[in-house]
Amino acid sequence: MQTGMEITRVDRDDSPELHVSGRMDGYWSRHLEEAIDELMREGIHRVKLNLSKTAYISSAGIRVLVHAFREFSAVGGALMVVDPSPAVRRILDLAGLGEMLFTPAVRKEAAAVPEPVKSYAEGECRFEIYEYRPGAQLACRIAGRTERLASASFNREDSMLLSLPSDVFAFGLGAFGEDYEACSGRFGEFLAVAGCAAGQPAEETGSADYMVSSGSFIPRVMTLYSLCCRGDFTELVRFESNPSAGPIQFSRTVAACMAAAGSPVVGMVMVAESAGILGASLKRSPVDGGALFDYPEIRQWLSFSPVRSHSRSVVIIAGVAARSPVPASLASLLRPVGSDPSLLGHFHAAAFGYHPLRKGFVELEPIVKRLFETGGLQGVIHLLTDDRPGVGAGESEFTRGACWIGPLGRFPAAEEVL
Amino acid sequence: MRENETGPEESVLALDSDIAELERLTAFIDQFCKLEAVPAETCGQLQVALEELVLNVIKYGECEPKKDAIRLVIRREGDEVRAVLFDTGVFFNPLDVPPPDLTGSVLDRPLGGLGIHLVRDLLQSIRYERCEGRNYLYFVKRLNPDSGKAEPEGEPHANRNGDNQS
Chain A
1 MQTGMEITRV DRDDSPELHV SGRMDGYWSR HLEEAIDELM REGIHRVKLN LSKTAYISSA
61 GIRVLVHAFR EFSAVGGALM VVDPSPAVRR ILDLAGLGEM LFTPAVRKEA AAVPEPVKSY
121 AEGECRFEIY EYRPGAQLAC RIAGRTERLA SASFNREDSM LLSLPSDVFA FGLGAFGEDY
181 EACSGRFGEF LAVAGCAAGQ PAEETGSADY MVSSGSFIPR VMTLYSLCCR GDFTELVRFE
241 SNPSAGPIQF SRTVAACMAA AGSPVVGMVM VAESAGILGA SLKRSPVDGG ALFDYPEIRQ
301 WLSFSPVRSH SRSVVIIAGV AARSPVPASL ASLLRPVGSD PSLLGHFHAA AFGYHPLRKG
361 FVELEPIVKR LFETGGLQGV IHLLTDDRPG VGAGESEFTR GACWIGPLGR FPAAEEVL
Chain B
1001 MRENETGPEE SVLALDSDIA ELERLTAFID QFCKLEAVPA ETCGQLQVAL EELVLNVIKY
1061 GECEPKKDAI RLVIRREGDE VRAVLFDTGV FFNPLDVPPP DLTGSVLDRP LGGLGIHLVR
1121 DLLQSIRYER CEGRNYLYFV KRLNPDSGKA EPEGEPHANR NGDNQS
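Residue numbers (the numbering used here), protein chains in the order written: chain A, 1 to 418; chain B, 1001 to 1166.
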């Protein structure tokens, strides 16, 4: 008797073929699921499944096939079953899935796919620059006194209810709630992109929470400070590291975005497959006073992992990057990014369960909405560079991703309502 | 065939309500088909149908205790396999499950009911009874007419690569 399942990968042309022998049943199908998942993480979006040696398939195996078929279709790729054994063919036909699985999905719209205006390689990383919304502008505003974080001395006067419609991206310290009292014990990192907002309550056991706009509902966050930008992005930067060369550092993607935008101050939203992010989040709401950054008090205030986390996740990052000298209005918000002392920024990241990203030109809003609705929010952190000599963990790293960027225009006064 | 009428030609398997038991179920069916010279194609279809039924009990049957909650009695009679599967789970008649909607794109079609749909197609003369707190499912599986003979050495799924050579 042949036991279990054996999966052999054959790389031919541009798409690998997985040969599955054995049983695609309720017990063994998860091995195929894992093998397909690994292909997606390699950035492979077209794959053939050769089922000529598959003894039989049950509904559990069918679910794996259909789930994979949908995942590949969602990123513009294709999963194709080839040469199924008669037993498998019979079951797939019975399930009404035969023809659809044997032929690749036909794209409904044959709309012209935008081509990159520039493609280049830098070391082991490939970049593509696309025009996104040429001529678009981002109008940004800093609200709150960021310098109060060091003394954890925010109070009611700092609080502001921020509305977060789909043409706004924002990050800062905040909490979901309609008044200061309800939020005062929970203020923590938040970010908002494309009508979706994620927040990390500053509680030891607090798990991240989120809101998604729907119909006339628009998420709102009570903030202590925030940077909030309204408008659209001018460029899309795609990046992908060579798998054999390891992941790409966050600062390199930021530097590439700065170069593409051609501006000293850039607003940026990134969606990327993470190889590990490094950052911190508040453990206590910074409203009662205290020396937040002093040692050892800092341990009571900040949750910081000395190693990268969320290494097999997809992250949404919202932030601002600048080359020194930076505008005075931004200076208190900015921190070093990577080892280049002239590169500064402030970024918050929300981590989600893994979903592959479509290649080429992509729209921001559908990707963000899909992650919020199906991705499983894992946490929100403030990204850090840990450059302590000898012990520093470095910075966040990614395998591939997309950055929507735009030069930051004017900075209206905090009182001006967006 | 009744529960207490297990003759010498019948094979009997007791399973716990635990997903890890699927391996034993598979091995048992393979062994039965080998002993009774059930052809490979029929054996594969039996495997699929029984996995669907047993997995349903394990997932949704809420069997307490889990130990020996599921039993299968199976035998070959001429060109048929006859069996009864019974369990201590909550009332569930798989024949009541409406057929799934198989129209529309695979991209957005719900997948519920697919397992029972396969069972109804792969098995014949399915009959359900609820008796003394147990679900009984009697069924017949006709041997596939186009492959009436067992494989040599009775290895229904073997993927042999010249293993006769030594």
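By construction, these hints were calculated from the structure, which means they are not laboratory data.
Hints may be right or wrong, so weigh each one.
Here are the in silico distance ranges between beta carbons for each label pair [stated by the list, open to error]: (1) A:124 - B:1027: 47 to 53 angstroms; (2) A:37 - B:1129: 28 to 34 angstroms; (3) B:1023 - A:15: 28 to 34 angstroms; (4) A:293 - B:1023: 52 to 58 angstroms; (5) B:1103 - A:354: 27 to 33 angstroms.
No experiment lies behind these values; they were computed from the predicted model shown.
Yeah, the Cβ is synthetic: ideal placement off N, Cα and C, and Gly gets one too.
Checked hints:
{"no.": "1", "hint": "A:124 - B:1027: 47 to 53 angstroms", "result": "48 angstroms, holds"}
{"no.": "2", "hint": "A:37 - B:1129: 28 to 34 angstroms", "result": "43 angstroms, violated"}
{"no.": "3", "hint": "B:1023 - A:15: 28 to 34 angstroms", "result": "33 angstroms, holds"}
{"no.": "4", "hint": "A:293 - B:1023: 52 to 58 angstroms", "result": "56 angstroms, holds"}
{"no.": "5", "hint": "B:1103 - A:354: 27 to 33 angstroms", "result": "31 angstroms, holds"}
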